[in-house]
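Visitor: Listed below are the residues making up each chain.
2 protein chains.
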Amino acid sequence: MPDILLAEDNNMNESKALPSLYTAVSPALLKLYDITDSIVVIIDVLRATSTIATAIYNGAKAVIPVDSVANCIEIGKQLNAITAGERDGKVAEGLQYGNSPFEYPAAFIGGKTLVLTTTNGTKLLHMALELGAAEIITGAFANLNEVCNYLINKKKPVLLACAAWKDRVNIEDSLFAGAVVNRIRQHFTINCDSSQMVEALYLLAGSDLYGFLKDKEASHYKRLTAFGLEKDIRHCLTADTAPVLPLYQDGKLIKAAL
Amino acid sequence: MPDILLAEDNNMNESKALPSLYTAVSPALLKLYDITDSIVVIIDVLRATSTIATAIYNGAKAVIPVDSVANCIEIGKQLNAITAGERDGKVAEGLQYGNSPFEYPAAFIGGKTLVLTTTNGTKLLHMALELGAAEIITGAFANLNEVCNYLINKKKPVLLACAAWKDRVNIEDSLFAGAVVNRIRQHFTINCDSSQMVEALYLLAGSDLYGFLKDKEASHYKRLTAFGLEKDIRHCLTADTAPVLPLYQDGKLIKAAL
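Residue numbers (the numbering used here), protein chains in the order written: chain A, 422 to 679; chain B, 422 to 679.
Pulled out of the complex, with its shape left as it was, chain A reads as follows (with noise of 0.2 angstroms):
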């Protein structure tokens, strides 16, 4: 008996311990989450992170995520560094490269260091920088599971940041959290409807997910397929092209020792 008890007690001791689990839907959600604690997780599927992954897989020493085009053309010329980024979709005015994953092989990228600006997710990211997020990584399908054998791995609370569109709801970034809730549930508590949410879409999504944003009409594979970029958007949506974890240290995302 008292070993039945035991097992009972840290059964709860270890339900009691496991880490929370939030899900952001839009950046203007960010401000409700504690993060002080947290790895926050920013992911902008289509396409900033997707290509953050690439380019660090592919051999980047680092990719330097800033606000502004005028950052990026400054901080580029200071390191000597390839300088890119988009604006609504587009390669923004001043800048060499854009947004898309396909920009940046090995033979391209590897030794360099990329300096990007992005609509969305490089603002997010800054934003869990000025809450004082305690760890920062960058998420898509490309290192989808690097991402969850980390934060399994950490055992530390995670807040998934969607960088959506203009604080608009988007459902690719929604996915990306809700594949990742459905791989790591298991090793976190989760009171959070969003984080629920999500998963349930991810779930009704099935295999198909590139089918799925077409069905739904979502607003930026609609915005990308108009630009003629269907090819990005296929490869976004596929998971572990880019098995890497980027994490964000001192100004930089740099592949991390694992």
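Treat each hint with caution, since some may be false.
Since the list can't tell identical chains apart, any single copy or any two copies may satisfy a pair.
[As the list claims (entries may be wrong)] Here are the simulated DSSO-like pairs of lysine-lysine, each with C-alpha atoms no more than 27 angstroms apart in a straight line:
#1 K452 - K643
#2 K577 - K452
#3 K676 - K533
#4 K577 - K637
Honestly, the hints are just simulated from the structure, not real lab data.
With chain A's structure known, arrange chain B on it following the hints.
Guide: Okay, now just chain B, sitting in the frame of chain A:
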């Protein structure tokens, strides 16, 4: 041939002319939408807008939504009206009644005025007012059919505004928004991922909304169940128990003349 072209033109014009439909899953996202030409549907399923529909259906002259307990007491005195409201799911100190539809049968509320303040729903209504909403109505499963018919007939832009819980997205308000989207979508232009997401969630939940909330461990389901309010939850998830359209006019919610 000219006939066919004309028909196509007409179809295109009709399609272009469909009013927009958006969903804000949290009050924190309300400001993203220009609502000056829109009907805003305030949604606080558990329990403010369910109770508002019930009270008005049962013959209340008007429901006056106020944003603070102090205002509720003050206006209640001035009008010799019933004061009611909750904070954090319980009857607020100093008020006479709570936020349960069961407290407002016809024998009690008929012919009376109810001054009501709630944690989320009445606050959201005042936000919509401040943002210049063209028109404000309230919606819940209790008056689902009335809300949908009203929106279809008015042919104006619509914003479905979820009260959520202290700005955190909740499942029950999202489900109601999804039910509305599902019923009225062919009369509107939807370029809104949130609307698509809540409809998908609603379709996934199927006919057993209570079971869905329970299965997803919805935060407000757990909160109200802890107060012994399971019966309230079941009632608030039942469609068309109070077929009436509460319309905000001159500071009061009254029964709209349809």
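Visitor: Taking the hints in turn, state whether each one holds.
Guide: Tested hints:
1. Taking identical chains as interchangeable, the C-alpha atoms of K452 and K643 lie at most 27 angstroms apart only when they sit on different chains, with a minimum of 24 angstroms there against 29 angstroms within one chain.
2. Proximity of K577 and K452 under a CA criterion of 27 angstroms is satisfied intra-copy only: 19 angstroms inside one chain copy versus 33 angstroms between copies.
3. When the C-alpha separation of K676 and K533 is checked against a cutoff of 27 angstroms, the pair qualifies only within one copy, where the shortest distance is 13 angstroms, while the shortest distance between copies is 66 angstroms.
4. For a Cα distance limit of 27 angstroms, the shortest separation of K577 from K637 across copies, 23 angstroms, qualifies, whereas the shortest one inside one copy, 34 angstroms, does not.
When each numbered hint is compared with the structure, no violation occurs for any of them.
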